[in-house]
Amino acid sequence: MSKEINRLHPISAIITSAKALKSLIFPLVVIIFSNGFHISFNFHSDNFWRTTFLFGIWGVGALLALVSGIVKWRTFVYWFEDGELRVKYGLFVKKKRYIPFDRIQSLNYNEGIFHRLLGLVKVQVETAGSKDRKPEVELTAIRKAAADVIEQEMRRAKNQVTEPMNDEQSEIEEVLVPTIYHMSIRDLFILAITSGGIGVVLSGIAAIVSQFSDIIPYEEIFNELAVFAKFGALLVALAVIVSLIVAWFVSFVITLINYYEYTVRIEDEKLIITKGLIEKKRITLPLNRIQAIRIVENPVRQLFGFATVVVESAGGNGGEGNDKKITLFPLIQTQECLETLEQLFPDINWRPEFINSPKRARPFFYRIDFVWLIPIIGACSYFFYPYGLLSLLFIPLTIVIGIWQHKTAGYMIDGKQLTMKYRVFSRITLFMEKKRIQSIGTTQTYFQKRKNVMTVKATVMSGMTGMTGNVPSLEQQDAETILSWYEH
Amino acid sequence: MRAEPMHKISRKGLTVWRLYGVLQTLLLLIVAAFACYGTYYFEWPSFIYFIAVAVVILSAVLSTYLFPKIRWERWRYEVRDNEIEVQHGLFVVKRTLIPMVRVQHVDTTQGPILKKYGLGNISISTAATVHTIPALVMDEADGLRARISELARVAEDDV
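Taken in sequence, the protein lines are chains A and B. In this text, residue positions in the first sequence follow the numbering used here: the first is 1, and each later residue adds one. In this text, residue positions in the second sequence follow the numbering used here: the first is 489, and each later residue adds one.
Same shape as in the complex, but just chain A (with noise of 0.2 Å):
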């Protein structure tokens, strides 16, 4: 075991410092806006010594941000040692984090712009513990060599330990090929064209619109909307058109560079996913932490045959931030879907033969909604009368969905092997293993007991908590087969 003491990169000194002067750019902003430019370094001005006081305290707290950079750069230090990946750091409270390579879930590379420039990576440590979706040790910025030597020096220690039993392991890697799946060009576009990122985009700018609702003087906004309204209704709608249209292509050029180049690799039994334009991202995900494997077919992809594959595994987050899903296959052909999963996991049923909601749960898919959906319409008919009876148009709409999703609702059982179709709007097929599965539930109202139907729910483990597949009103039986077979 070499024990020789690495270092990061200087640029990591750079980096930190970088994030944490983003974080005060803020207050920056706030400290200008609020005092309404008010500002001024001349000493006679009334705001001369307000001003510097603020630009003080600013000023010292960026002071900190550039020091605790270069500290952080200069105490860090790591290098392996019995197995393990150790790592120490700080200038008067010194931390220190063993980690034996045989519990490092995955390694994460990351490449900024800065990184991409000097051929350095930052690197992502996770443990199946990893706390607060965090990684358990980030090293900011390395050279791509000594990440190599850290993925050795991992490999080594593992294969050290697991020699004895090392037969089965060669026996799967043989029959695995190493590139799985990469996006073409075109799927690309079809990705970037039909994402729903509309959604997270609008929300983004929403939560940066209520950032600002201190400084911003809506009122005089609002005034002068009104006077905008009074052009008409066709203007606001074409304001909003033209804002869905603009969010939407921020979406598609941020899908396009996200999953520029997306390429899922196996190596020793685990799932390597590279992706990404500008900011390269390469996340390993163990193929013994996966617990479930979903397809979503959004109706639009659907209707072309498209797929998304997601994985939830248990643990690290694989760098994807607020999410522990991680998406395999974010677009590909159905067909090849499967030949593709079949490959990857050859005990798994990949066709199953589904056993669907009886005919008479139908209305239990559609008559829930109008709970809440009759004082919608009746409200809406109401008060806005002649056009608010257009809500009428969501019963038959309500009605069609529910029997599309009744349609879709159904349950197999295939050795050790419970799969799941269900339908929110995307339809989703959840495949799970007994073993992975954490509890098995049936609920069922008055109503459905009236009629002998029963929903089942299946909760598998994800991430830090768990997710739950859901197939609503199947026959009695048929749940109540699930639980006998989930019992032994």
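Just so you know, these hints were derived from the structure itself, not from any lab. Any given hint could be a false lead.
Said to hold, decoys possible - Only pairs whose alpha carbons sit at most 27 Å apart, straight line, appear in this in silico DSS-like list of lysine-lysine: (1) A:Lys434 with A:Lys416; (2) B:Lys582 with A:Lys449; (3) A:Lys416 with A:Lys435; (4) B:Lys582 with A:Lys280; (5) A:Lys407 with A:Lys434; (6) A:Lys359 with B:Lys582; (7) A:Lys280 with A:Lys359; (8) A:Lys457 with B:Lys582; (9) A:Lys281 with A:Lys19; (10) A:Lys435 with B:Lys603; (11) B:Lys557 with B:Lys582; (12) A:Lys451 with A:Lys435; (13) A:Lys451 with B:Lys603; (14) B:Lys557 with B:Lys603; (15) A:Lys435 with A:Lys359; (16) A:Lys144 with A:Lys359; (17) A:Lys435 with A:Lys158; (18) A:Lys416 with B:Lys557; (19) A:Lys449 with B:Lys603; (20) A:Lys434 with B:Lys582; (21) A:Lys72 with A:Lys158; (22) A:Lys281 with A:Lys359; (23) B:Lys582 with A:Lys407; (24) A:Lys158 with A:Lys144; (25) A:Lys72 with A:Lys96; (26) A:Lys359 with A:Lys19; (27) A:Lys280 with A:Lys22; (28) A:Lys416 with A:Lys457; (29) B:Lys496 with A:Lys449; (30) A:Lys457 with B:Lys603.
Unchecked claim - In silico contact screen, one side only, chain B against chain A (beta carbon under 10 Å); selected entries: (31) Met489; (32) Asn570; (33) Glu571; (34) Val574; (35) Val581; (36) Thr584; (37) Pro587; (38) Ala616.
Every residue gets a Cβ at the ideal spot worked out from N, C-alpha and C, and that includes glycine.
The hints should help you fit chain B onto chain A, whose structure is shown.
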């Protein structure tokens, strides 16, 4: 038809739930009293009186009599060697099956009211979910906790 789980929860549990209902009603009564006073003082529309009275009466009937009764009748649990099964619900009957191998840990908790009646809640955690059996006799809850943790240890398996 699948048989219901065997055990019901303690009769004292029903009393405790009724007590909770009484407390909730008292709280509502205070709020309603304020509302009525406000209505009288500020001359708000008089239908507020009716709403306030109706809410209190409804709460009294539902949360101290009807709901605890239904819930208590419905609550059932059974701890077998390989799994735990619970059934509960008010309008919707929920049944859950938790295999022993999935159990990560078991907790018992006891608040002041439960303590007075010698009762305790038991929470069973899996990697993804938490299931609570409320208002068990404390000895029984402790026994159950010991038993579950023992059974769960025997049925060791990977997550």
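To see whether the hints hold, each was checked on the structure:
no., hint, in the structure
1, A:Lys434 with A:Lys416, "5 Å, holds"
2, B:Lys582 with A:Lys449, "12 Å, holds"
3, A:Lys416 with A:Lys435, "8 Å, holds"
4, B:Lys582 with A:Lys280, "46 Å, violated"
5, A:Lys407 with A:Lys434, "25 Å, holds"
6, A:Lys359 with B:Lys582, "23 Å, holds"
7, A:Lys280 with A:Lys359, "50 Å, violated"
8, A:Lys457 with B:Lys582, "10 Å, holds"
9, A:Lys281 with A:Lys19, "18 Å, holds"
10, A:Lys435 with B:Lys603, "38 Å, violated"
11, B:Lys557 with B:Lys582, "16 Å, holds"
12, A:Lys451 with A:Lys435, "32 Å, violated"
13, A:Lys451 with B:Lys603, "42 Å, violated"
14, B:Lys557 with B:Lys603, "21 Å, holds"
15, A:Lys435 with A:Lys359, "32 Å, violated"
16, A:Lys144 with A:Lys359, "59 Å, violated"
17, A:Lys435 with A:Lys158, "25 Å, holds"
18, A:Lys416 with B:Lys557, "40 Å, violated"
19, A:Lys449 with B:Lys603, "37 Å, violated"
20, A:Lys434 with B:Lys582, "21 Å, holds"
21, A:Lys72 with A:Lys158, "30 Å, violated"
22, A:Lys281 with A:Lys359, "47 Å, violated"
23, B:Lys582 with A:Lys407, "24 Å, holds"
24, A:Lys158 with A:Lys144, "21 Å, holds"
25, A:Lys72 with A:Lys96, "13 Å, holds"
26, A:Lys359 with A:Lys19, "58 Å, violated"
27, A:Lys280 with A:Lys22, "21 Å, holds"
28, A:Lys416 with A:Lys457, "17 Å, holds"
29, B:Lys496 with A:Lys449, "21 Å, holds"
30, A:Lys457 with B:Lys603, "34 Å, violated"
31, Met489, "8 Å, holds"
32, Asn570, "7 Å, holds"
33, Glu571, "6 Å, holds"
34, Val574, "9 Å, holds"
35, Val581, "5 Å, holds"
36, Thr584, "4 Å, holds"
37, Pro587, "7 Å, holds"
38, Ala616, "3 Å, holds"
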